[in-house]
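J.: Numbering of the sequence shown is given in the working numbering, commencing with residue 10 and proceeding in unit increments.
Warning: the hint list may mix true and false statements.
[What the hints assert, rightly or not] The calculated label-pair distances, taken between Cβ atoms and stated as ranges, are: (1) ASP103 to GLN231: 14 to 24 Å; (2) LEU152 to PRO105: 46 to 56 Å; (3) ARG243 to ARG58: 16 to 26 Å.
It should be emphasised that the hints constitute simulated quantities derived from the structure, not laboratory data.
Remember, predicted model here, so these are calculated numbers, not experimental data.
C-beta: ideal position from N, C-alpha, C; glycine also.
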Amino acid sequence: MGFSADWLSLREPADMAARDATLLRQAAAAAGPDPVVLDLGCGTGATVRALGPHLPASAKWHLVDNDPDLLPHAAAAAGDGAQTHELDLQRLEDLPLEDVTIVTASALLDLASEDWVRALAARLDVPFYAALSYDGHMGWTPLDPEDAAVTDTFNADQQTDKGFGPAMGPEAGDRSAAAFEAAGFDVRTARSPWRLGPDAAALQAELVRGIAGAAGAGEWGQRRVAAAGNAECRVGHIDLLAIPGGGA
10 MGFSADWLSL
20 REPADMAARD
30 ATLLRQAAAA
40 AGPDPVVLDL
50 GCGTGATVRA
60 LGPHLPASAK
70 WHLVDNDPDL
80 LPHAAAAAGD
90 GAQTHELDLQ
100 RLEDLPLEDV
110 TIVTASALLD
120 LASEDWVRAL
130 AARLDVPFYA
140 ALSYDGHMGW
150 TPLDPEDAAV
160 TDTFNADQQT
170 DKGFGPAMGP
180 EAGDRSAAAF
190 EAAGFDVRTA
200 RSPWRLGPDA
210 AALQAELVRG
220 IAGAAGAGEW
230 GQRRVAAAGN
240 AECRVGHIDL
250 LAIPGGGA
């Protein structure tokens, strides 16, 4: 599993606009008055930029990723006091959880297996905030006759192994919520769809290339890329906040 800094930068404005504002504020409150945040799969620091403005300036960050090229970008976003950790997220026992008050992730759970999420829930005794898990729903305007079939094929590919075992893919939101509820957490979820118009044509085109490659839909991809400057796209996501012990 790995993503380029260019792709992460391209998608970040859509991610920022899509995050559920209420759940984001609740996550910030759940982090407590002296937040120590552990961000899993931090990438270039998207969670830092989204959650950070809602936290005290004294907030501390532990930034975890398996890509050493991305960690300096995330550290720069977090500022003084941030610590980076180049770790394989499969090794949950290695997570630096001491003094952490909240664990976060962005666009991660749909790549993970249910077993991994269950193990993570068993490991945590602090709140967990995970935004932007793909939920399997895509809609395009104008329509193309192959849209539904391509979405189905892409969704099936999203459930193959992405580095954590068989991925939950479009079922990540529901299955992760159930896993944390079974571990005794109070779980809240909210929809956080991308809404991409012609002004996001570059993101639409790159998204389409990825979908077409995974679904083996080259001709569909060519048509969609060509239409990106005049098309609208909605891609569904789910945000999740899990608080241990049913706490507020």
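J.: Taking the hints in turn, state whether each one holds.
T.: Structure-based check of each hint:
1. ASP103 to GLN231: 14 to 24 Å: violated (44 Å)
2. LEU152 to PRO105: 46 to 56 Å: With Cβ atoms ~48 Å apart, the hint holds.
3. ARG243 to ARG58: 16 to 26 Å: holds (23 Å)
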